[in-house]
Structures are given as C-alpha cells and as structure tokens.
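J.: Counting along the sequence shown from 1, when you hit position 164 you're at 164 in full-length UniProt numbering, and nothing is skipped either side.
Simulated from the structure, these hints should not be mistaken for laboratory data.
Glycine residues also receive a C-beta, built at the ideal position from the N, C-alpha and C atoms.
Honestly, I wouldn't trust all of these hints.
To be verified - Label pairs and their calculated CB-CB ranges:
#	residue 1	residue 2	range
1	Val218	Gly177	15 to 23 Å
2	Leu202	Leu54	23 to 31 Å
3	Val210	Ala77	57 to 65 Å
4	Val208	Ser12	29 to 37 Å
5	Asp214	Ser86	56 to 64 Å
6	Ser95	Asp170	40 to 48 Å
7	Ala187	Thr91	46 to 54 Å
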Amino acid sequence: MLQLCGGLLTPSAGRLQIGEHNVATMTEAELDRMRAGDVGIVLQGAARNLVPYLTPEDNVRYAQGAAPRDRTLPSPAEVLELVGLSNQARTPLGSLTPGQIQLCAVAVGIATFPGLLLADEPTSQLDHHARDEVLAAISTINATTGMTVLLITHDPEVAAVLPRTITIRDGRIASEGRAGEEFAVVATDGSLPLPPHVAELLPPGTLVRVTTADNGDVRLTPVEQEGQA
Numbered sequence: 001m002l003q004l005c006g007g008l009l010t011p012s013a014g015r016l017q018i019g020e021h022n023v024a025t026m027t028e029a030e031l032d033r034m035r036a037g038d039v040g041i042v043l044q045g046a047a048r049n050l051v052p053y054l055t056p057e058d059n060v061r062y063a064q065g066a067a068p069r070d071r072t073l074p075s076p077a078e079v080l081e082l083v084g085l086s087n088q089a090r091t092p093l094g095s096l097t098p099g100q101i102q103l104c105a106v107a108v109g110i111a112t113f114p115g116l117l118l119a120d121e122p123t124s125q126l127d128h129h130a131r132d133e134v135l136a137a138i139s140t141i142n143a144t145t146g147m148t149v150l151l152i153t154h155d156p157e158v159a160a161v162l163p164r165t166i167t168i169r170d171g172r173i174a175s176e177g178r179a180g181e182e183f184a185v186v187a188t189d190g191s192l193p194l195p196p197h198v199a200e201l202l203p204p205g206t207l208v209r210v211t212t213a214d215n216g217d218v219r220l221t222p223v224e225q226e227g228q229a
C-alpha cells in the first residue's frame, strides 16, 4: 500500500488518486517530482532515510535539495522544531539515541512540508518512551501543518492511539477503527469481513440468521442446521 501511494509501484488496475495526481498514469519523471515535493516517505529502519555522516540539520537540507525550484520550503530549523530536535540540529547522528535518530528520519520525510507523509513502521525497534515521542511528533505534524499521515504498523498499541485505522486482511479492508474502537466494514459486494474474535464463533459454513430491530440494530444469530447435534 505504501509503495503504491508513493509511486514506487504502479497499480495493475483501477485508479489511485493522491491529491491532484493519478499515480496509475504518471510518468517516472512526474512521479519523481511528486515524491520530491508532494509526498514524503519514511522507510522502515531509520538509517535507510539518512546520510550517516550528516547532522540532522544537514540531512533535512539535503532532502530539500530535490524539491522543485518553485516550491516554498520551510527552514531546517522549523522542520526540526516540529519533531523536537532543535537542540540536536548539529549533533552527529552517532551521538543521538535510537528515538532521536527515528525523529530525524521523520524530519527528512517532512522536509518539504508535503501534503502526504507515508511512514512505514516508524516505531518498530523502539522502546515505549521513544515510541511515544515519535507518535507525539507525528501527531504534532498533523495538527500543526494539516499534513495527511499514512502510517503502517503491526503494533496494536500504536494503532490504539491513532485517530483512524484501517485493517487490511487478505488484501481487503477488514475493519476500520476510530479512536481505538474497531468497526467492521461492509464491502461493495455486501460481504462483511468479521473481526478475528467473532470469526472464531462463526467459522466458514456457519448458517446465520440476519434480523433487524425497530431501532435499526442488526443481529447475526447462528442457526443449527439439520443433521447437526
């Protein structure tokens, strides 16, 4: 999903709209321009996003170098302030904690203040304190700049604090969460992927009676089939 949204993979069918861009029909040059200004990417593993011999300030400045010339850019100091690294702007990366290095990677991802930030497992391999600092920084970025953030995670604790979550299961949207509460999502064909804890109670082949109440509630009731004990 992240690679599709970032234009790193081309959709085999359909339409993928990122702002004013239809990623499915863009040329490689157009995709490069989009990634250089409109879409920021934070790859899994902080080091993959950084030049190891540059300071946080210089890493941000380097990331801004590929932006279109007609784009108004924030100063590196402004970017680093958003992620809480103002005091470490000129500190060698080797002297930073793992959490600070990840924050630096996030700063590089937002160096051009893109409309969309794609972050792949930005809290993996971090302790709880560092994880919370990274999540707080991403929340600040979203609230301060209005930047849309698409964050990939397999950590339920991370998902629980996000304002909106989408769970992908077997290549399809299985559920949607809002502020820690999970909801099933009815597919376009009318099917309803069940959460794992419910699917255990209704295994494949279960006959289910669907009824509605006067207040609009929908009830699924397993029905004992003939020949079953």
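J.: Failing hints, ascending?
T.: The structure conflicts with hint 2 only, although it agrees with all the remaining ones.
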